[in-house]
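Let the hints inform the model, and build the full structure from the sequences given.
Order-wise, the sequence lines are chains P and U. Heads up: the first sequence is residues 1 to 201, going by UniProt numbering. Heads up: the second sequence is residues 1 to 333, going by UniProt numbering.
Calculated from the structure, these hints are not laboratory results. Positions of the beta carbon are idealized from the N, C-alpha and C atoms, including for glycine. One should not assume that every hint holds.
[Unchecked claim] Straight-line C-alpha distance at most 20 Å; calculated PhoX-like pairs for lysine-lysine:
1) U:LYS99 <-> P:LYS150
2) P:LYS150 <-> U:LYS103
3) U:LYS77 <-> P:LYS150
4) U:LYS102 <-> P:LYS150
5) U:LYS97 <-> P:LYS150
6) U:LYS314 <-> U:LYS254
7) U:LYS125 <-> U:LYS13
[Claimed, not checked] Sample of chain P residues facing chain U (criterion: CB under 8 Å; computed from the structure):
8) LYS150
9) LEU155
10) PHE200
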Amino acid sequence: MSVENAPVVDVDEAAIPVEKKMYYRFESNDKKEFRVSELAIQQSETLNRLVEAMGYTSEDVENKPAIAIENIDGKTLKLVFQWCEHHKGEAIPVDDGSVPKIVEIPEFDAKLMDIDNGLLFKLIWAADYLNIVQLLNVSCKKVANMAQGKTPAQLRRVYLLPSDEEDEAAKRAAQEAQDPRAREVEEEFEERKRQGGNSFF
Amino acid sequence: MILLIDMPEVPMKTILEKLGYVEIQCLRKNCHSLRNFIDYFKPEQSIDVMEISGTAGNISLLIYRNDDSQLYPNGQKIHVEYQALDGENTEITWFRKNKYPKKTILHENFSEVLSRDFGLILKCKLPILRRFSIDFKYTSKQFLKKHLLNKSPIKTNTLIIKTNTLITQRQDDILSFLPYICADTLKKLEIEFVDLSGTLMNISKIVEQEHWKRAKELHIHGVSVMAGIQNFEHFSYLVVKFDLLYLKDVLFLKELFFHTPSTFKQYRISFGKLSDRDAFIRELGHPITEQRQTLIFERPDDKENVVTIGFFPKFFEFKIIKKCIAPREVEVN
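If you want it as structure tokens, here you go:
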């Protein structure tokens, strides 16, 4: 299924599907509304628990206000729901050590995530917030792949990382609240920094 | 705009778990936040093979995943060489797939630099290694102790030690290194003594070590060992040489193979000489030159498997095999 054909639709863009399946309505923080199938919602542990707790009937989902997802914007939420619809019914990975940690990015996901880094990071943030395990896996894999073969300076550009100096202020503030273990670790960091990490880099 | 360093803990850990050792070290170099996160949470690395080898003025370090043998950046295999340069300086060569960048570190001994790098790698969260191989043939292992001291022992399934230390120091040399290796995970112990073939080594202290008792597979190459045969009976796979082999030892092993509950057992016992050659011939016939001439014995209470004993001119070979693949009918019991 292509990204364009995924069944997530803005409410004003297409007719309501005439299926018996229940479609929940969600609203992003910029007031974009989406209809998402019950099965697709199961990919998100957070949303699945939410709708179960609400106990909506078919009438409720039409008559009650859309469920607000206040900290995700419409552009990101559309990607999230497209992913959920495409992968609906698939088993959700369990982190019990039995699943191989090597992640392959399927073609659909690769196309869906052919986006700028800013939106990709928002997608990861949303996948984490909504607890969509496999979306988090593939999106994090995509970010990890971007690092392959890069030097520290190149990584700084790719990930828009601050330099140590830029990070210093935040570090100082954080130190105020550090516990003893963190301070100990910090001392180790500084020692390693002086040593420059592995000598071959 | 959300940046990488703004990521919550779970996604950040998920990303780091998918990065190789080199990328993580490169990220560490960038800013405090990432360095703190990486060093505190120690993302697990997929490295499961470590090899250290070298000569008097040159040590090579290889770390990689067993199923990924491609050099970085095509794969995650890291190969670095540390070479002594003009006395106390060090030249480091990183053998990448497409280039071999070199770096000179002034006023620091090459073994110290390796020692530090190795220590940093060990600080990562590593899985149980498949193989840890350390070759002391032409160099000293003392440099490692500094960074292995006070650390958790290295967890590995296979430990390979290659050395050519003086005969009088050999046992102590290995004994001093074993505490840095976790005995619980050890399955295979391989010790190779180079350039000293034909010499005799007392291993009476090594056989008392937990590593020896836990390992299921043992290979000792390059020397004849001095130890009672009973010290070897727990091994499933054994390659060892005795300078003088007694008939009672061979008969002990024969009984062991008859009654061992496990059918996965294979020994190759080499010897310098036999205690009483005539007695061996009376018991087992003349030494053979072909595998198909091995003696075959029924195993009591085992209808499916048989024991084969090959009495070759320089070694004995004990095996348990399926009766159906035995080269001929069972002849002796």
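*Hints violated by the structure (numbers, ascending)*: none
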